[in-house]
Amino acid sequence: MATLKDIQRKIVAVKKTQKITKAMNMVAASKLRGAQEKMEAFRPYADKFAEVLASLSERIAADEEHAPALLVPREEVKTIDLILMTSDRGLCGSFNTNLIVKAEKFLKEKADQGVETRIICMGRKGRDYCRRRKYNIKDQHIGIVGARFGFNVAVNVGSGVIDGFLDGQTDEVYMVSSEFVSMARQVPTIKQLVPIVGVEKVEEAEKTEDVGYIPEHICEPSVEELMAEMLPKQVYVQIYRGLLETSTSEHAARMAAMDNATTNCKDMITSLSLVYNKARQAAITAELMDIVGGAEALKG
Amino acid sequence: MAGNIMLEVVTPDKSVVTEEAQIVVAPGEYGEFGVLIGHTSFLTALKIGLIRYKDPGGIERVVFVNGGFAEVLPNKVTVLAESADRRIDIDVERARAALKRAEERMAEASKKEDIDFRRAEIALARAMHRIRIAETRRAA
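In the order they appear, the protein sequences are chains A and B. Mapping of the first sequence onto this note's numbering: position 121 corresponds to residue 121, and the numbering continues sequentially without gaps. Mapping of the second sequence onto this note's numbering: position 135 corresponds to residue 1135, and the numbering continues sequentially without gaps.
Some hints could be false.
Derived DSS-like pairs (lysine-lysine); straight-line CA-CA distance at most 27 Å [to be verified]: (1) A:Lys22 with A:Lys48; (2) B:Lys1047 with A:Lys31; (3) A:Lys31 with A:Lys102; (4) A:Lys48 with B:Lys1014; (5) A:Lys233 with B:Lys1047; (6) A:Lys48 with B:Lys1047.
Estimated spans, in silico, between C-beta atoms of each pair [unchecked claim]: (7) B:Leu1036 with A:Ile142: 47 to 53 Å; (8) B:Arg1132 with A:Gly160: 38 to 44 Å; (9) A:Ile190 with B:Asp1091: 51 to 57 Å; (10) A:Asp163 with B:Thr1040: 33 to 39 Å; (11) A:Glu40 with B:Met1006: 17 to 23 Å; (12) A:Gly114 with B:Glu1032: 51 to 57 Å; (13) A:Ile190 with B:Thr1040: 20 to 26 Å.
Keep in mind the hints are simulated off the structure, nothing from the lab. Bear in mind that the values here come from a model prediction, so they are computed numbers and not experimental data. C-beta: ideal position from N, C-alpha, C; glycine also.
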């Protein structure tokens, strides 16, 4: 049976935990703001890039024989690379689990088809998991997601992936990242990076909103050469966006998790206080009975 | 002259320049080109170098670009670069250190004729242009 002292100690402990979770909530909130600003800052570049790429791809599509290697799907897929983005740190609810589950399902599917899979881990949590499960880790990048990082990170990772594809080491590259839908919703998504797909889709959307756009540019150097320069960048842009969204999602997930934890602490304190008060009252009543009993005995 | 042309320089991190200009001069893949309003639209890759432009007041300004692309429309120039710096954002000390590093690496790698050499060469060009911009500030 818990003594008064024990209950009191427990209350103090929960209060301390509450302070920590509350602080973590606020830190996450401030980091989230930074991450969101970074996402905003990236948008003009991404939009313009998509627009230019779309107009170029429209003109190159006619000549399929000489299509750039990065656009051509391989007929036989033997090996694939998967970039798995997770956070470095925990205490963010089911954020990492969701991402890993998504990746694992995909990997299993591919493995069943007899495709060899290699993983590029961005983020400690995913790496640790893959290590435990003895997955084939090709590369790892720790200390990026959720921290300050520049476009060059995406270039590093992306150029590695592209080289692997062009060398024939890998036939397809995918990326699992978290899409930041809203503060309350972060959805793990899987995207194909290489060979590049979905350029045409952007173009459709672009045409309707940008009326003053003139598609017939003079191109210097040729369309093909420009395309050859832009396609790798498209991969970098995708990876960078994935990193930004995953980072933002991580902070949002942590904020929500810590908010929950703080509320739970509050509930626990309330119920523990109740138990404490009851126990104290019981002790007082018992003592009173003793005194009364003693007095009665002396009288007798 | 019919008026000013919009100049936009954007990088993944931020929009570096959004300003009107009387004239824009940029380092195209096939040599420097100047753009006035009403230019025919074209698209070009850029080399590492300087974008120079005159603001509406006629003051010449310089921006460093680390390669990228320029899209020219009759009334607008958009530059997409992986990084770009205005004069005040350039860290001269850092650029000098980078220059020295690149030179050392080139001296080491020149025998091998490999990627390291090419990378160092690019780094060298970057550092030289950055320093050049910073120096003109001092002279002005």
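Violated hints - listed by number, lowest first: 1, 2, 8, 9, 13
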